[in-house]
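J.: Listed here are the chains, written in short residue letters.
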Amino acid sequence: AQKVTQAQTEISVVEKEDVTLDCVYETRDTTYYLFWYKQPPSGELVFLIRRNSFDEQNEISGRYSWNFQKSTSSFNFTITASQVVDSAVYFCALSEAGYGGSQGNLIFGKGTKLSVKP
Amino acid sequence: GAGVSQSPSNKVTEKGKDVELRCDPISGHTALYWYRQRLGQGLEFLIYFQGNSAPDKSGLPSDRFSAERTGESVSTLTIQRTQQEDSAVYLCASRRGTRGDTQYFGPGTRLTVL
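Which chain is which? The protein sequence lines are R and E, in order. Using our numbering, you'd call the opening residue of the first sequence number 1177 and step up by one each time. Using our numbering, you'd call the opening residue of the second sequence number 96 and step up by one each time.
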């Protein structure tokens, strides 16, 4: 069965600290996609990154970086030098691209609420 | 182009009434999803449309929920005889045709059932 676990419910940091949000997933498919979305207080889900199961290269985008490790089924997200504007709920999600019944819908973790204090 | 739009942004209704929520996907996106987000929770999949194929309704929580989509255009989610537990934010997402492509979300409709 597919599942996404974000063990950290809430994290609070002070501005400029680095913070890592954990994401562990379960799937039987060999082809799948992993995503991170940001949900600021306004409520809209903002796409951050998409990764396919065949590409384990880590990725960096500005202050954001992602570490994908298939061996541990993890797709962790690090914010370097956090800012108050990073305060939001962050969701990790899994989409299976196999044809065993999945329609590509996203399976979400419960989210991690990040609070960055000035 | 424009993103996914949803209307209304807020809906307050009385228990037992029917409600209709609308989603306008990104132009050219053949796939459309509805999700529900209850307070403080993650998102739950409700229903999926792909072009003119039969929808995948496997996530609908009860037969009071239904949805329609004509071709690759607007979709409506209807909840009949609303209950208080239906209170949630209903989010719509669309993507291009390939599974695994990024889903882009609308701003959601916040439904409150009194």
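Worth flagging that the hints you see were computed from the coordinates, not collected in a lab. Warning: the hint list may mix true and false statements.
[As the list claims (entries may be wrong)] For lysine to aspartate or glutamate, the following DMTMM-like pairs were computed, each having C-alpha atoms within a straight-line distance of at most 20 Å: (1) R:LYS1289 / R:GLU1193; (2) R:LYS1286 / E:GLU180; (3) R:LYS1289 / R:ASP1198; (4) R:LYS1214 / E:GLU139; (5) R:LYS1246 / R:GLU1235; (6) E:LYS152 / E:GLU167; (7) E:LYS110 / E:GLU167; (8) R:LYS1214 / E:GLU167; (9) R:LYS1286 / R:ASP1262; (10) R:LYS1179 / E:ASP119; (11) R:LYS1246 / R:ASP1198; (12) R:LYS1286 / R:GLU1186; (13) R:LYS1192 / R:ASP1262; (14) E:LYS152 / E:GLU115; (15) R:LYS1289 / E:GLU139; (16) E:LYS112 / E:ASP196; (17) R:LYS1289 / R:GLU1232; (18) E:LYS106 / E:ASP119; (19) R:LYS1179 / R:ASP1198; (20) E:LYS106 / R:GLU1220; (21) R:LYS1286 / E:ASP119.
J.: Each hint should be assessed against the structure and marked as holding or not.
T.: Okay, the hints, checked on the actual structure:
| no. | hint | verdict |
| --- | --- | --- |
| 1 | R:LYS1289 / R:GLU1193 | 16 Å, holds |
| 2 | R:LYS1286 / E:GLU180 | 19 Å, holds |
| 3 | R:LYS1289 / R:ASP1198 | 12 Å, holds |
| 4 | R:LYS1214 / E:GLU139 | 16 Å, holds |
| 5 | R:LYS1246 / R:GLU1235 | 15 Å, holds |
| 6 | E:LYS152 / E:GLU167 | 17 Å, holds |
| 7 | E:LYS110 / E:GLU167 | 32 Å, violated |
| 8 | R:LYS1214 / E:GLU167 | 27 Å, violated |
| 9 | R:LYS1286 / R:ASP1262 | 18 Å, holds |
| 10 | R:LYS1179 / E:ASP119 | 29 Å, violated |
| 11 | R:LYS1246 / R:ASP1198 | 14 Å, holds |
| 12 | R:LYS1286 / R:GLU1186 | 11 Å, holds |
| 13 | R:LYS1192 / R:ASP1262 | 11 Å, holds |
| 14 | E:LYS152 / E:GLU115 | 17 Å, holds |
| 15 | R:LYS1289 / E:GLU139 | 18 Å, holds |
| 16 | E:LYS112 / E:ASP196 | 36 Å, violated |
| 17 | R:LYS1289 / R:GLU1232 | 26 Å, violated |
| 18 | E:LYS106 / E:ASP119 | 17 Å, holds |
| 19 | R:LYS1179 / R:ASP1198 | 14 Å, holds |
| 20 | E:LYS106 / R:GLU1220 | 17 Å, holds |
| 21 | R:LYS1286 / E:ASP119 | 26 Å, violated |
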